[in-house]
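Chemist: Now that you have both chains on their own, put them together as the hints suggest.
So the sequences go chain by chain: F and X. According to my numbering, the first sequence holds residues 491 to 1136 in order. According to my numbering, the second sequence holds residues 8 to 323 in order.
In short, the hints are calculated from the structure, not lab data. Misleading hints may appear alongside valid ones.
[Unchecked claim] Listed next, with one range per pair, are the computed distances between beta-carbon atoms:
id : chain 1 : residue 1 : chain 2 : residue 2 : range
1  : F       : K953      : X       : E224      : 17 to 25 Å
2  : F       : Q764      : X       : K234      : 47 to 55 Å
3  : X       : P317      : F       : G966      : 16 to 24 Å
4  : F       : G905      : X       : C31       : 39 to 47 Å
5  : F       : E630      : X       : R323      : 28 to 36 Å
6  : F       : G905      : X       : I19       : 30 to 38 Å
7  : F       : K953      : X       : P253      : 52 to 60 Å
8  : F       : G1046     : X       : E320      : 40 to 48 Å
[Unchecked claim] Pairs of lysine-lysine, DSBU-like flavour, derived with a Cα cap of 35 Å:
id : chain 1 : residue 1 : chain 2 : residue 2
9  : F       : K995      : X       : K56
10 : X       : K244      : F       : K995
11 : X       : K201      : F       : K995
12 : X       : K56       : F       : K953
13 : X       : K153      : X       : K240
14 : X       : K56       : F       : K965
15 : F       : K965      : F       : K558
16 : F       : K965      : X       : K240
17 : F       : K953      : X       : K23
18 : X       : K153      : F       : K965
19 : X       : K303      : F       : K894
20 : F       : K965      : X       : K223
21 : F       : K633      : F       : K609
22 : X       : K223      : X       : K263
Glycine is no exception: its CB is placed at the ideal position from the N, C-alpha and C atoms.
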Amino acid sequence: MQKNRLTWIIGGPQGSGINASAEVFAKACSRAGLRVYANIEYHSNIMGKHSFYRVRVDDEDVRSYKDKADILVALDHETLTGDGDHRRWATHYGHIGEINEGGGVIYDAEIGFDPATAKRPDLRFYAVPFMEIIKKALEEVGKGEQARRYEVMKNTVGLGASLALCDYPFDLVAEVIRSQFKGKRSEVGELNVRAAKLAFEHVKQHENSKEFPYTLKPGREPKARILAKGYEIHAIAKLKAGCAFQTYYPISPATDESVYLERQQRDYNLLVVQCEDEISSINMAVGAAHMGVRASTATSGPGFALMVEGIGFASITECPGPVLVMYQRGGPSTGMPTRQEQGDLQFALHPAQGDFPHVVIAPGDLRECYQDTFSAFNWAERYQMPVIVLSDKKLASVYTTIDKLELRWPEIDRGAVFTGSEWTAVDAKGPNDSGSQAGHNGNGNGKMDLASVKEYLRYAFAKDGISPRSRPGVKGGRHWITSDEHDPDGHITEGVEMRVAMMNKRMNKLKLLQKAMPEEQQYFLHGPKDADLTVLAWGSTKGTILDALRDLEAQGKKVNFLQCRLMRPFPAEAVGAILRSAKRIVSIEENYTGQLAQLVQEQTGVMIDQRINKFDGRPFSEDEVVNALAKVYDGAKAEPVVTHVH
Amino acid sequence: MSINAPAKALSIKDYKSDLHNDWCPGCGDFGILTGIQMALQQLQIEPDKLAVYSGIGCSGKTPHYINGYGFHTLHGRVLTVATGGRLANTDLTVLALGGDGDGYGIGAGYFVGAGRRNADFAYIVHNNNVYGLTKGQASPTLSKGKKTKSMPEQSIQDGINPVAMAIASGYTFIARGYALEPKYLASIIARAIKHRGSALVDVLQTCPTYNDLYTKEWYEGADLPEKRSRLYKLEEKGYDGKVQNPTDAQEMIAKKAAAVARSYEADPIPIGVYYEVELPTYEDAVFQRIPGLAEKPLVEQDVFHRDVNPLLEAMR
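Here chain X stands alone, though its shape is the one from the complex (with noise of 0.2 Å):
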């Protein structure tokens, strides 16, 4: 995505509204809006320039905390209102922000479309395993057999892999992030929104509310005699999954094959980037097919002194 710095420099606080927020104390969705607000800042994007798309939940909220320009969609229908406004203004910086429910489950068939058609955004998934907004049901990130303490039975459905489907579905930036570490969360982040194409960062989270499994010290490792955390860096064990030469197909499968390996480890589980690649994006194909469109954006087009008699002369 290319990006307009302003003249003046903006601060953290220039993306901040001044909403009250009602999420609960210690919630996972602070750590992710502190990412990416520290991701827009160090991209210095203008906030009018800015629109953040939102499905439905906790995570929903958040574009009503973020100064720019915010659409608080429907559950799971984020991507696809998100691509509409990315089409129809091709000037601004596009994001799109849900839950794992709402992008994983109700969403899944526009995550599939969305990651078919590659156009330029960076989608952040909250992804805290429950469906935090209606009390703690299992989302389909849950694996079988898993029981939260808001959950009167075990889950007998298995959790997706978010990664893999992202990967299957023609995604061009795949990472995963912690959102309790906001700093690598934002290094991430910025990364996904300078990505040309759709970038998803799949961010594991905490609901200290309704998730006693998956909790802060879970995560930390506190209940492993050695006290190590259940997360590593990709980057730090010599992974790389960025793909240095797009027209090489047997580069490309080798990557997307050891993304989907990596997604697969359980413990402890790889954070950073799991595959990157530059391909044409869907705004490319665009462009090329009617050209006009490359020369601004379809909202300052002018449509309305169209002739239409041409069409109705053939209609003789």
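Excised from the complex, chain F in its bound form (with noise of 0.2 Å):
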């Protein structure tokens, strides 16, 4: 029998409140100081399409999903057997065959199902009247013939009756539930506790409900940990940056992010704006950075595809900003919008014509989500380059436990910064100093001697390499920029040394950028140094892969994990030593290519030939981590995953 591990299911179609059930149980069990890992599957559809969140609740740390579930609630009957009985082909086979052995089900006993037709004799299946308690919990305040307009009340009702089954303390979950409905809307707080209650003793009466197989304890020690979901933890960060101007266009799973900061613009004095497009929103972002402020954006792929003219022009005009968090999701195209996939590194490194320097920074969990993203504005600022944090949907989404103080406050650094009044020369020392861009270029008249210059000058070519930043409306910082090649002074050029210079100027940047980043910001090697498979990963894998790693430990496998994080500039020395002293090595992603695989060989000449790829649209499970690994590591060729169909 397992001791506080569970994993809950609870299914039904879209716009039937499976979120706020699944995260008020969340919430019960991490304000009990339990860990949760909880996830969304959805479909691209507002209203009716089937979705289900999975809550996985545990003592220890849980950073992933399992195959397999304690207690599944279905809404409705497609959650329980699949869409294939109104559709041409199915998109799935319902839960029944994802829940653990003696496990339990409970469905609404409206939508006629017959448990015989499961054929699963182990599991214990509860029909519950969910329309008939919600109707007796509205009777109780004279409301008994408004049962309809509660209808969305049969999600509690499902966790209602869940916990009679897992035995977790029901007022745990009711405080939950009546600090979601506050003020005015109390009184429908109390009504979903009263019909959970009902739900509640409806599946005690049930003489298979006692000694049920998976309970959860409350833990020891409630401990100072909050729930977050990945977008709130971006926005968050993007706030404590000191971010001002976010711009956006709605784009699944991105806009979650936008709207979080949207609401809070009043009180932290942040712009927000929807723009027309994603091209309107990077340009946008662009303008309000070089006016001094730092400045971000958020999309998804289809949107990054519109905004790549913009990264260059960023790039060629030395910006300091904007920084870019990018959800990626099922492509290519439109894809699957609200489906999980790492499929646009690649993308992300190449995004524009030219050569041209950005930074790419792939966070691997909330806490690195956190660190990223404020780390990008200071790196925005001072390096002067467009900066994309590459995100997910799963990493979105994922609702999870973390320690509040794992959130800690790096320093805001805003680069060199022209403020005006001390300024007496500029280091202008450039290529034509001798005047031998005479007769090259039209624009300037190639005489200067740029080292006599006393006055301001945007891109000169400082000593450390990066051209102090000034901003319009500072005295004495007069400039201009274009996304022409340019002169110090910010006029267009095509004069060969000066291109050459500036090119060298530009691209020398990454090289300080690198050089100065904390190298376990860049690359992790989590596990044994001398193990005898070495996993090749990046991203929203990270926490899948370290509790893969728990369980092939427990089985004597020797793995260890290369976390590369840090994808622009890449950290090729750093990466290739570690791959070149592996036994063997294997890389992980999510998607069909392995653009990470690529990436390593391309920058490292390690040639990475066992790849694990998952490419269906859903992140990988524990347990199909474990399985592929177990396999290599007994000497199996690595294939591609497909996850679990009953």
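Modeler: Listed below in structure tokens is the structure:
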């Protein structure tokens, strides 16, 4: 019998409120000191299509989901058996096959389901009269005839019924429900508590609800933990980093971040602008960054496809930003808008024409989402280039416990800034200080001795490689910027020496940045140094791989994990050294081609022949990674993984 | 736009950069540049408080010739970058410039988007019916059936009407000027800059290199028997496009309809102010929604000491 290790699934049509009850349950566990990892799968649809929320609870840290659950709550028939009855090609076969032996299935008695058809005699089925219970709860306050209006309370009924099985204290859940409905809505909160309680009692009456094998007890020491989603963490990092200007165009799954920030505008003097498209979003952010504010945007693949010209523009103009959080989703084209994929790494690395510097960093968990988003603003300003933080659907929507203290605040660093009065001369020694550029360039007389220039030059060749930036409105800091190649004053040039000098100056900033960045933020080797197998991976698979490594260690398999985080500039030397000393390497990625494997091959010359890929739009489960790695460990060839179909 | 006059009076020279100009001799851009500089001088706008944005094309080079902060951006995106700049620092005077291809073709979506917002800037469009820098292809304002000497075939797409498009998009100041009358143009640009909200000045412009249809002589009507100009000034015909009472929907509709009707007049072509109305700007709406931003520009806000603990606490 398991102790304090439970996975609970609630499924139903989109719009039926499964989020609310799953999040109530997650909160009730987290507040009691347990660890939670919850993730949602949903269709690109407003109402009616199948969605489900999976909540995994444990005493220990959990960073991934398991293939199987212990309790299933089904608000509709499809959740049990899939959609094969009304689609030519089924998209899923229901969740009954995903229930652990002896587990429980709670379903709405009205849906006319016959448990015998499930062919799972080991499971315990509970037909709960959802609407009758809602009606009963309403009758107690004299509103019995309004039951249909409160149909959405079915989710709470399902939750209450579940508590009767897993034996989790009802009061802990009731407290969370009440806290979700404050003020005027407290009456609705009470109704929900009442309905949950009636469902709880209904299941308790069942003889076979006793000695249910999967139970849950509150944790011993409730800690100062929070339950967060990735988009909230990205947004909070932006606020803490001093972002003053956020632009966006609605797109799944990136929009949540911007809407969250929109809600905080008044309290934090932040301006969020909803733009006419993503081309506008990026360029408006570039305009604001050049004006001296910390500016950012957020998008997903299709939006990023429109933003690319703005990235090149920001880079050639040495714009101190913007910071772009890119939430990857299933591609290509519209692809699978609400599903998971790590398919945009190579795209983020090569977004626009020409050679130009920009930063790409891929955080692996919420703590890293915070750190990297915060740091992104510092890098953008110090090195005057756009920064892409590669997040994804999984990180955006995962709902998980984190220790509040893990969110440490780094320092704000605004880089070299020209403020006006103290300016005396510019170290403007450039390639044309001998006047050799005369004749190459129609703009400027080419005879200027730049060493003697006593004025501010935006693109001066400074000793440390970075031209101090100015902004409009600053006296004496006047300058021009252009998307063309330019002279130190920002006017257009097509001169060969200046072109070479400016290219070198811009590209060299990547080296400066990499030198200054803490190594553990660039890459990290998890697990034993002398492993038999080294896993190469990046981004949101981090938690799943760490959970899998724990299982493999218990099996006596020595596996370590090289997490790549900084993708550009890429720490080729260090990563190459680790990989060259590895006994065997296998990459794990949620994409078709192995985009990190390609990058590593290109940057280090180490070939990555063994690749475990998954591209079905669902994240790896812990079990999938364990099984795939165990096979490779035992000598099999790596194969693509498809989510277990029942 | 509020204008802070400097202590010492500024002359037209103070608005000129020392960069060598590479436009073709006789280009209409010179007249527009002069019109802009004269307007800036009339209004005594401090060059340090001036941000001039442009798109790509011959017109896109204009900011390089103006003494002020200059932003030479991307093809068609000038209004997006300018809006970002404007919202980040509402203390500045913001000018946006671009060609007709830049603003009404590749940038048409942003032209419309900007009109919907009504942020405070003046947008000056160099409208010469051709894409000059790529050697004279038809621009979005060239009518169907027309062919300049630079085009191998007649245009089989029709031209758009920028004034009508601006009315439909929500611009609150809409005018048209002529590049070879810089003094009159300057007076319109000055009004556009002073106007609170998004102002469009469409400037009819000659391209002596590629556009042999709409030349200086054509505008002057040298080919007509009566040798009269093909342009007339709206106010000289008693036209007044200003909405007196912005809360009067009927008046607003009537003035919009009158402006659109005038914008379809082909000979003579009206220049001057077609439409003007004082309505709350995007900035006004922002300040109302986020009172803290009304106190000082975004760029001067202290956003580096934020307490995000309440947000974290709410996640317990």
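Chemist: Mind checking the alpha carbons of K153 of chain X and K240 of chain X for me, to see if they're no more than 35 Å apart?
Modeler: With Cα atoms ~26 Å apart, K153 of chain X and K240 of chain X stay inside 35 Å; holds.
Chemist: For the pair we were handed, K244 of chain X and K995 of chain F, check the Cα-Cα distance against 35 Å.
Modeler: violated, 58 Å
Chemist: P317 of chain X and G966 of chain F, beta-carbon distance inside 16 to 24 Å?
Modeler: violated, 41 Å
Chemist: For the pair we were handed, K201 of chain X and K995 of chain F, check the Cα-Cα distance against 35 Å.
Modeler: Distance ~41 Å between K201 of chain X and K995 of chain F Cα, so the pair is violated.
Chemist: Measure nothing beyond the straight line between the CA atoms of K953 of chain F and K23 of chain X; if it is 35 Å or shorter, mark the hint as holding.
Modeler: holds, 31 Å
Chemist: Does the structure keep K56 of chain X and K953 of chain F at a Cα separation of 35 Å or less?
Modeler: With Cα atoms ~30 Å apart, K56 of chain X and K953 of chain F stay inside 35 Å; holds.
Chemist: Given a hint of 39 to 47 Å, does the C-beta separation of G905 of chain F and C31 of chain X actually sit inside it?
Modeler: Because 41 Å falls inside the window, the suggested range holds.
Chemist: Starting from K965 of chain F, check that the Cα of K240 of chain X is at most 35 Å away, please.
Modeler: violated, 40 Å
Chemist: If you check the beta carbons of K953 of chain F and P253 of chain X, does the distance land in 52 to 60 Å?
Modeler: holds, 56 Å
Chemist: Check the hint pairing K303 of chain X with K894 of chain F against an upper bound of 35 Å on the C-alpha distance.
Modeler: holds, 33 Å
Chemist: Tell me if the beta carbons of G1046 of chain F and E320 of chain X are separated by a distance inside 40 to 48 Å.
Modeler: Since G1046 of chain F and E320 of chain X have Cβ atoms about 44 Å apart, the given range 40 to 48 Å holds.
Chemist: Mind checking the alpha carbons of K56 of chain X and K965 of chain F for me, to see if they're no more than 35 Å apart?
Modeler: holds, 9 Å
In terms of the numbered hints stated before, the structure departs from hints 1, 3, 10, 11, 15, 16, 18, 20 and 21, listed from lowest to highest.
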